[in-house]
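What follows is each chain in one-letter form.
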Amino acid sequence: MSAVLSRALPPERVQIATDHVTEPFWQAARERRLAAPRCADCGHFRLPPTPFCPECQSQKVDWVQLSGRASVFSFSVVRDIPGLDDAVVVAAVVDLPDAPGARLVSNVIDADPDEVRIGMELVVDFSPVSDGWLLPVFRPFTPAVEGKEG
Amino acid sequence: MALQPPDTAIVGVGATPYYPRGESYPQTITELAGRAILAACEDAGLSVKDIDGFAYYSMAGGGYGRSMDTASLMETLGIPEITFTASLTAGGGGSAGSIGLARAAIVAGDATCVVSVMALQQLPQYRLGGVFGKAEPTPEKSFIQPAGLTGPGHLMSVLARRHMHMYGTRREAFAEVAVSTRENALTRPTALRRTPLTLDDYFNARMIAEPLCLYDFCMETDGAVAVLTTSLERARDLRQKPVPVIAAAHGGRREWGRAFSWMGMPEETFASSGHAAVAQRLYGKAGVGPDDIDVALLYDHFTPMVVMQLEDYGFCPKGEGGAFVESGAIRYKGGSIPVNTHGGHLSEGYVIGMTHVREAVEQMRGTAVNQVPDAKLALVSGGPATIPVSGLILGRDA
Ligand SMILES: [Zn+2]
Numbered sequence: 001m002s003a004v005l006s007r008a009l010p011p012e013r014v015q016i017a018t019d020h021v022t023e024p025f026w027q028a029a030r031e032r033r034l035a036a037p038r039c040a041d042c043g044h045f046r047l048p049p050t051p052f053c054p055e056c057q058s059q060k061v062d063w064v065q066l067s068g069r070a071s072v073f074s075f076s077v078v079r080d081i082p083g084l085d086d087a088v089v090v091a092a093v094v095d096l097p098d099a100p101g102a103r104l105v106s107n108v109i110d111a112d113p114d115e116v117r118i119g120m121e122l123v124v125d126f127s128p129v130s131d132g133w134l135l136p137v138f139r140p141f142t143p144a145v146e147g148k149e150g
Numbered sequence: 001m002a003l004q005p006p007d008t009a010i011v012g013v014g015a016t017p018y019y020p021r022g023e024s025y026p027q028t029i030t031e032l033a034g035r036a037i038l039a040a041c042e043d044a045g046l047s048v049k050d051i052d053g054f055a056y057y058s059m060a061g062g063g064y065g066r067s068m069d070t071a072s073l074m075e076t077l078g079i080p081e082i083t084f085t086a087s088l089t090a091g092g093g094g095s096a097g098s099i100g101l102a103r104a105a106i107v108a109g110d111a112t113c114v115v116s117v118m119a120l121q122q123l124p125q126y127r128l129g130g131v132f133g134k135a136e137p138t139p140e141k142s143f144i145q146p147a148g149l150t151g152p153g154h155l156m157s158v159l160a161r162r163h164m165h166m167y168g169t170r171r172e173a174f175a176e177v178a179v180s181t182r183e184n185a186l187t188r189p190t191a192l193r194r195t196p197l198t199l200d201d202y203f204n205a206r207m208i209a210e211p212l213c214l215y216d217f218c219m220e221t222d223g224a225v226a227v228l229t230t231s232l233e234r235a236r237d238l239r240q241k242p243v244p245v246i247a248a249a250h251g252g253r254r255e256w257g258r259a260f261s262w263m264g265m266p267e268e269t270f271a272s273s274g275h276a277a278v279a280q281r282l283y284g285k286a287g288v289g290p291d292d293i294d295v296a297l298l299y300d301h302f303t304p305m306v307v308m309q310l311e312d313y314g315f316c317p318k319g320e321g322g323a324f325v326e327s328g329a330i331r332y333k334g335g336s337i338p339v340n341t342h343g344g345h346l347s348e349g350y351v352i353g354m355t356h357v358r359e360a361v362e363q364m365r366g367t368a369v370n371q372v373p374d375a376k377l378a379l380v381s382g383g384p385a386t387i388p389v390s391g392l393i394l395g396r397d398a
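If you're matching them up, the sequences are chains A and B in order.
First residue of the first sequence? That's 1 in the UniProt record's numbering, and the numbers climb one at a time after it.
First residue of the second sequence? That's 1 in the UniProt record's numbering, and the numbers climb one at a time after it.
Computed list of lysine to any residue pairs in SDA-like fashion (alpha-carbon distance at most 25 Å, straight line):
#	chain 1	residue 1	chain 2	residue 2
1	B	Lys141	A	Arg79
2	B	Lys141	A	Gly68
3	B	Lys49	B	Asp110
4	B	Lys141	A	Glu55
5	B	Lys241	B	Val48
6	B	Lys285	B	Cys316
7	B	Lys141	A	Ile109
8	B	Lys318	B	Arg254
9	B	Lys376	B	Asp237
10	A	Lys60	B	Pro139
11	B	Lys141	A	Arg46
12	B	Lys141	A	Gln27
13	B	Lys141	A	Glu12
14	B	Lys141	A	Arg13
15	B	Lys141	A	Arg69
16	B	Lys285	B	Ala375
17	A	Lys60	B	Trp262
The hints are simulated quantities; they were obtained by calculation from the structure and are not laboratory data.
Generate the whole structure from the sequences, applying the supplied hints.
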């Protein structure tokens, strides 16, 4: 059976807003890099980016470039998207192994929705959204993908 | 542990009819709220001019994108003076807690007759179902909106999936919540869904956000419900049998936080309703435990959250909510803890939690349509959502 592969929402449907705290995340994505803020005092990662470290209240952060690897913590398969009759979106909450404690809510793309599992290994990709921004999304991790990335 | 002596009581409840989404138009939010408030006053045998306090929740929201306003209600209804007006923050999580806010005002001496009210009108631009997807992007929401989880049920489906993964919870459990709640609505005149729902209906329904289907989602409806709280002493001189406020609590822990608008919760909290801390505090204040509760009115915007609240409120151990529900434990007929005897948000009507307070009052007066025999304590919860979540225990006057 040829499954309809999952996709991200069309670029024109997704708008993002930034502020001085979150902008480094989006600027990195625009350069096809996945980055997360790590507290410069205690090393705690947090996402979304916020003005204070919830562990030590420091405002100092280091923006760390991550490997782009992730795993599915949980997910939902959404098929009732108005105007996208046959589309399937897999919305996923993902853990980031090199930013422990921080999660992203994103999409698993190019996957058979029936094959997506909690714990599934993913690798980042970038999907265009409105106004020239890129959205970090994830695709199933395979050695072939790894080769391409490397 | 003995019950703390109650100091306040609910003396009046009033409501508009419940309407399918948008059909309360062209009434305004103020008009809907006003009708519910006047009905609550009539129920209590009080004049609307006796009201001197407003205790809202959801930032006095009148649905998604609009608000109630105390001054407008005073102007419209002719309330001469108020001495307290306040709201719990965030959204539907505060519904049960708004009665606690009313109690706090009365116990502090800041007001004597306090109304808690919700009026909801879901015109196309103010729908629950689109509230997350259509909202203007903000820096915070930009970390969740793009994923396509357009409504709260979509967001909660991710929590439900994790609960299934961790504990083996089955869709059959969510189905049992939907089916048993519908059965309760069949005899209730105020309910909007009064045809039986079968397991086949459930499993043949359209999937909205897997693992959740159409019947896991509550209705999108309109309507208003108002609840009047006074001191217990004054309550005893009024028209209705007082329904004492045994305990109320709102709040929540950082690990839950913005909950499914955030998704950063540690594993055990992720697969929960976020109520554990509030439940523990509520029982502590009341001096009772889950075994003492006779009927539970649990905020049922989405069926998995009923399962998870049963765990967080201690009706079964953590992780066993699915099997507990599937055993028939929440049935009005034959269950050990009847849940949502009025048909809940799933089948009666959705007014952001206040319908559950209304049912708890009817149960404690002994006048409910699906009356639980000899019920002495009713638990009400406010929606698993962004903090605060809340709980309320109502009782019978000695
Ligand atoms: Zn820190």
